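Since the structure of chain A is already known, use the hints to place chain B on it.
Here is what each chain is made of, one letter per residue.
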Amino acid sequence: MYAQMVKTGVDHIQSKEEMSPEERAFQERVDADIKIEPKEWMPEAYRKTLIRQISQHAHSEIIGMQPEGNWITRAPTLERKAILLAKVQDEAGHGLYLYCAAETLGVSRDELLEQLNNGKAKYSSIFNYPTLTWADIGAIGWLVDGAAIMNQVPLQRCSYGPYSRAMIRICKEESFHQRQGYDALTKLAQGTPEQKQMAQDALNRWWWPSLMMFGPSDAESVHSAQSMRWKIKINSNDELRQKFVDQTVPQAEYLGLTVPDPDLKWNAERGHYDFGEINWDEFYQVIAGNGPCNRQRLRTRVKAYEEGQWVRDAADAYAAKKAARAKAKAA
Amino acid sequence: MTDKKEWPLWEVFIRSQHGLSHRHVGSLHAPDAEMAIMNARDVYTRRNEGVSIWVVRASDISASSPSEKGPLFDPANSKVYRHPTFYDIPEELGHM
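Line order of the protein sequences matches chains A and B. Per our numbering: the first sequence = residues 27 to 357. Per our numbering: the second sequence = residues 65 to 160.
So that you can see chain A by itself, here it is in the shape it has in the complex (with noise of 0.2 Å):
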């Protein structure tokens, strides 16, 4: 759910007699889980899908470097600066292995920033809250990395070859993001009272996005089901989000925070926490482009890329005297 609500163009899902020879037998291989690789024939709707919900992806781990970086130079200790770097420089990472794997679909590296810089391209819509205090970087460690977990993991298993691996490659790395952060609000849940309630403050303002990062129920989506179809996604949105909040109450309580949900209490009988209704008109505004800070997220990317320009073109100068004279020696 870093990438949410991703359209399929289907209006509907066919059933095997409907399908093309070409479309069975492809639905025949990811039934039978063996993985689609890049140049093999797949349905043009599954292409762009992946592309829909791979650049997505990625984006909101290029624009997710924001929030965080936000609090680079004020991190309360040198060591907790030296770790909150490299988790930015892992996000970035995890953008360009991404934005690889979109690649593979045929589409062109420029072309996905391009969407991204121009405010076409969707991100994760939590990416669009401002990190007010120190608190803040632990709440995303600890909430938004917890819940990308969620979905990641499961989609290690994507029929999708190219971000089946790159999914391998960014949860073995995640899982330091979220100690990293429990780590930071731990610290501060047993310090003083003042510090503990800039980590309640925190956990009060994350913990509603966090859980609409997920997305809206899709159960009746059937852009939901044919994404399952296709095993580009696994499960689907409410059942991710049970399973994080089941996961998370018990590591609040260990830091003896309160989730700010009145309604959330043990359901013995489900086995699940059942929780309070989630603000679906705030999430809708935040994807609209009106939430807190779509506006500076896109004016900093857009820019970062800008004042980059003379790097990348001091580089092409570079790589073509390296080149032409390479060409004059050997002639």
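Bear in mind the hints are in silico, worked out from the structure with no lab data behind them. From a predicted model like this one, the values you see are computed outputs, not experimental measurements. Errors might be hidden in some of the hints.
Calculated cross-link-like contacts (lysine to aspartate or glutamate; reagent style EDC-like; alpha-carbon spacing at most 20 Å) [stated by the list, open to error]:
no., chain 1, residue 1, chain 2, residue 2
1, A, Lys257, A, Asp37
2, A, Lys291, A, Asp264
3, A, Lys353, B, Asp124
4, A, Lys355, B, Glu98
5, A, Lys355, B, Asp96
6, A, Lys61, B, Asp138
7, A, Lys198, B, Glu113
8, A, Lys347, B, Asp96
9, A, Lys65, A, Glu48
10, B, Lys133, A, Glu66
11, A, Lys353, B, Asp96
12, A, Lys257, A, Asp272
13, B, Lys69, A, Glu63
14, A, Lys65, B, Glu132
15, A, Lys347, B, Glu98
16, A, Lys65, B, Glu75
17, B, Lys133, A, Glu49
18, A, Lys353, A, Glu332
19, B, Lys69, B, Asp106
20, B, Lys69, A, Glu332
21, B, Lys69, A, Glu140
22, B, Lys69, A, Asp136
23, A, Lys107, A, Glu48
24, B, Lys133, A, Asp209
25, A, Lys107, B, Asp106
26, B, Lys133, A, Asp59
27, A, Lys348, B, Glu98
28, B, Lys133, A, Glu54
29, A, Lys74, A, Glu48
30, A, Lys329, A, Glu137
31, B, Lys133, A, Asp289
32, B, Lys69, A, Glu199
Label-pair distances were calculated between CB atoms; the ranges are [claimed, not checked]:
no., chain 1, residue 1, chain 2, residue 2, range
33, A, Asn316, B, Glu70, 29 to 35 Å
34, B, Asp106, A, Asp272, 33 to 39 Å
35, B, Ala122, A, Pro47, 19 to 25 Å
36, B, Ala122, A, Ser46, 50 to 56 Å
37, A, Thr99, B, Gly83, 41 to 47 Å
All residues carry an ideal CB built from backbone N, CA and C; glycine is no exception.
Below, chain B alone, put in the same frame as chain A:
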């Protein structure tokens, strides 16, 4: 964005510790081989994953085509005698 041509794509191969072969780990864009190696270090070896990096321009790689998978690989299917398990060795001989 720019009217510049996109940087070429490089496939990255890393040799991990313990003397194993270089293994494909992913790809990246860079203007030349030197930058490709430097970028590969940052993208693919942030946690001591390797002791050596190869980069190859993706356009220089020739690959077998998925549609030829049958003719290429099927012939090996029937040659079970190439595997040691094909042969029964008397148990009393012990390990062979």
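Quick rundown of the hints versus the structure:
| no. | hint | verdict |
| --- | --- | --- |
| 1 | A/Lys257 with A/Asp37 | 18 Å, holds |
| 2 | A/Lys291 with A/Asp264 | 17 Å, holds |
| 3 | A/Lys353 with B/Asp124 | 19 Å, holds |
| 4 | A/Lys355 with B/Glu98 | 18 Å, holds |
| 5 | A/Lys355 with B/Asp96 | 18 Å, holds |
| 6 | A/Lys61 with B/Asp138 | 19 Å, holds |
| 7 | A/Lys198 with B/Glu113 | 12 Å, holds |
| 8 | A/Lys347 with B/Asp96 | 11 Å, holds |
| 9 | A/Lys65 with A/Glu48 | 14 Å, holds |
| 10 | B/Lys133 with A/Glu66 | 11 Å, holds |
| 11 | A/Lys353 with B/Asp96 | 14 Å, holds |
| 12 | A/Lys257 with A/Asp272 | 25 Å, violated |
| 13 | B/Lys69 with A/Glu63 | 27 Å, violated |
| 14 | A/Lys65 with B/Glu132 | 12 Å, holds |
| 15 | A/Lys347 with B/Glu98 | 13 Å, holds |
| 16 | A/Lys65 with B/Glu75 | 16 Å, holds |
| 17 | B/Lys133 with A/Glu49 | 19 Å, holds |
| 18 | A/Lys353 with A/Glu332 | 32 Å, violated |
| 19 | B/Lys69 with B/Asp106 | 23 Å, violated |
| 20 | B/Lys69 with A/Glu332 | 16 Å, holds |
| 21 | B/Lys69 with A/Glu140 | 14 Å, holds |
| 22 | B/Lys69 with A/Asp136 | 9 Å, holds |
| 23 | A/Lys107 with A/Glu48 | 53 Å, violated |
| 24 | B/Lys133 with A/Asp209 | 50 Å, violated |
| 25 | A/Lys107 with B/Asp106 | 18 Å, holds |
| 26 | B/Lys133 with A/Asp59 | 18 Å, holds |
| 27 | A/Lys348 with B/Glu98 | 11 Å, holds |
| 28 | B/Lys133 with A/Glu54 | 17 Å, holds |
| 29 | A/Lys74 with A/Glu48 | 17 Å, holds |
| 30 | A/Lys329 with A/Glu137 | 18 Å, holds |
| 31 | B/Lys133 with A/Asp289 | 57 Å, violated |
| 32 | B/Lys69 with A/Glu199 | 33 Å, violated |
| 33 | A/Asn316 with B/Glu70: 29 to 35 Å | 33 Å, holds |
| 34 | B/Asp106 with A/Asp272: 33 to 39 Å | 37 Å, holds |
| 35 | B/Ala122 with A/Pro47: 19 to 25 Å | 32 Å, violated |
| 36 | B/Ala122 with A/Ser46: 50 to 56 Å | 31 Å, violated |
| 37 | A/Thr99 with B/Gly83: 41 to 47 Å | 42 Å, holds |
Checked against the numbered hints above, the structure violates hints 12, 13, 18, 19, 23, 24, 31, 32, 35, 36; every other hint is satisfied.
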